[in-house]
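*Asks:* Sequence:
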Amino acid sequence: MSFADLGLSDELLKTVTDAGYTEPTPIQASAIPSVLMMRDIIGIAQTGTGKTAAFVLPMIDILAHGRSRARMPRSLILEPTRELAAQVAENFEKYGAGQKLSMALLIGGVSMGDQIKALEKGVDVLIATPGRLMDLFQRGNILLTGCSMLVIDEADRMLDMGFIPDIEEICTKLPAQRQTLLFSATMPPPIKKLADKFLQNPKTIEVARPASTNTNITQFVVPVAPQSFEKRKRLRQLLGQEEVRNAIIFCNRKTTVRELNKSLKQHGFRSGEIHGDMEQPQRLAELELFKRGDINILVASDVAARGLDIKGVSHVFNFDAPWHPDDYVHRIGRTGRGGATGTAYTFVAPDDAENLENIEKLTGQKIDRLELPAPAEEERPARRTRRDRAPRTAEVEVEANAPMAETVEEAPRARPRREETRREQPQREQARREEPRETRSDDRRRDRRRSHTDETPDDGGWNGPIPDFLKVSFGI
DNA sequence: AAAAAAC
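According to the UniProt record's numbering, the first sequence is numbered sequentially starting from 1.
Treat the hints with care, as some may be off.
[To be verified] Listed below are the simulated BS3-like cross-link pairs for lysine-lysine, each with C-alpha atoms no more than 25 Å apart in a straight line:
id: 1; residue 1: LYS94; residue 2: LYS117
id: 2; residue 1: LYS100; residue 2: LYS14
id: 3; residue 1: LYS192; residue 2: LYS203
id: 4; residue 1: LYS291; residue 2: LYS254
id: 5; residue 1: LYS173; residue 2: LYS117
id: 6; residue 1: LYS197; residue 2: LYS173
id: 7; residue 1: LYS192; residue 2: LYS173
id: 8; residue 1: LYS117; residue 2: LYS100
id: 9; residue 1: LYS193; residue 2: LYS173
id: 10; residue 1: LYS203; residue 2: LYS173
id: 11; residue 1: LYS121; residue 2: LYS173
id: 12; residue 1: LYS192; residue 2: LYS361
id: 13; residue 1: LYS203; residue 2: LYS193
id: 14; residue 1: LYS262; residue 2: LYS291
id: 15; residue 1: LYS14; residue 2: LYS311
id: 16; residue 1: LYS14; residue 2: LYS94
id: 17; residue 1: LYS121; residue 2: LYS94
id: 18; residue 1: LYS311; residue 2: LYS291
id: 19; residue 1: LYS311; residue 2: LYS94
id: 20; residue 1: LYS121; residue 2: LYS100
id: 21; residue 1: LYS94; residue 2: LYS291
[To be verified] Restraint ranges, calculated between C-beta atoms of paired labels, are given here:
id: 22; residue 1: GLY7; residue 2: ALA176; range: 22 to 28 Å
id: 23; residue 1: GLY140; residue 2: GLY109; range: 29 to 35 Å
id: 24; residue 1: GLY7; residue 2: LYS173; range: 27 to 33 Å
id: 25; residue 1: GLY140; residue 2: GLY339; range: 42 to 48 Å
id: 26; residue 1: PHE220; residue 2: ILE310; range: 38 to 44 Å
id: 27; residue 1: ALA70; residue 2: GLU168; range: 40 to 46 Å
id: 28; residue 1: ALA176; residue 2: ARG253; range: 42 to 48 Å
id: 29; residue 1: GLY113; residue 2: GLU90; range: 20 to 26 Å
id: 30; residue 1: PRO226; residue 2: THR204; range: 42 to 48 Å
id: 31; residue 1: GLN241; residue 2: GLY109; range: 15 to 21 Å
id: 32; residue 1: ILE310; residue 2: THR186; range: 36 to 42 Å
id: 33; residue 1: GLY66; residue 2: GLU23; range: 29 to 35 Å
For the record, the hints were derived by calculation from the structure and aren't laboratory data. For glycine and all other residues, C-beta sits at the position ideal for the given N, C-alpha and C.
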């Protein structure tokens, strides 16, 4: 099977082959001819299966004829997150280069002015997240009566995010005579209902068993202590011993994302972060830095878990085990894309045992446990000076002969005591400050209270008892 | 328990 057999126009075919694609993926091979025949489609496919091109390519050919009118887009693509919407827009720019199709990207977090201007001129393709689309619709900037093609992408994610009522409302604004494509990784009952209601005689295409993980991805569970500084230490150890070209590190909370990125940077890693509390331009900029390789580590919340297609991500680390098992499948799916191989490490603290069980139940496979050797002694991050902020390649020393521990509980002390260290490596002692008091029971509290990371020298923070006047003003 | 999405 080749792209030439799918019925795409010669011009588009040339663009596709020039881009280096010769063989369509299974979802492309089955969806493209049907979309060109104007059928409604239910596509059950994981992200990373080539799903986006499966609808973008035939849409370009379908929209090649005809002209758009002011405020009346001819097609609409709905995406759950802003980044995904932007990514689909990039695809249209890439493949639709020769076709002079007009496009508007309607997402929140950026100014409405340009979006409204584009709508006024008339667009062939509208790519939107539901919030901004509804907003502009209610302001009267969009008429959907001329929209004869609708794509609902990542429908199950839309469901998770509570977008289904919005989607239903949008569907009723579109003409009844239209083509609708619905893509989802899974088919929970509400999505099935949505499809029954708004699709006509759809052809169902299923290319990947839901909840199955890509076999290109080597997966490991890494038992870790629950304290965040222990997890960070383990992470640095792994980053140092693995051939990490490119890694996304997922955390469950936005605050953890910020802390971890700060810590990694202090240790000289070229890292960045992305989460929903950041300004939209900043989010896109960080993503761009990562894609270009200016940074090779992206610390992320689940905003980046689904659908993001970044080439050549060699590793995914779950710094926190995800709460929901389907998030696990999506997160690790950021690596091993397009036939490449990838490695996924998931940190599992004792409290995460149940989450891990659910993950293994969902994927139907037991994930290998990886017991790390005791970490080698690290250099303390240097005090930050201007010179030190220059990015350098990540390096962590790992002791070659470190004993392999059977379980975490039996693991030797993570760091040698000061006396031993001084004897063994006197030249490095000067660079190091006092060891963190790892055994102290108040470590967790301290860790939570202080916004900066444990590696920061303790000269700026408050470690003593809280004085009475503070207790009063904070109502403690 | 979180995150995401409109101002």
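*Asks:* Taking each numbered hint in turn, which are not upheld by the structure, reported in ascending numerical order?
*Replies:* Per hint list: 23, 26, 27, 31, 32 violated.
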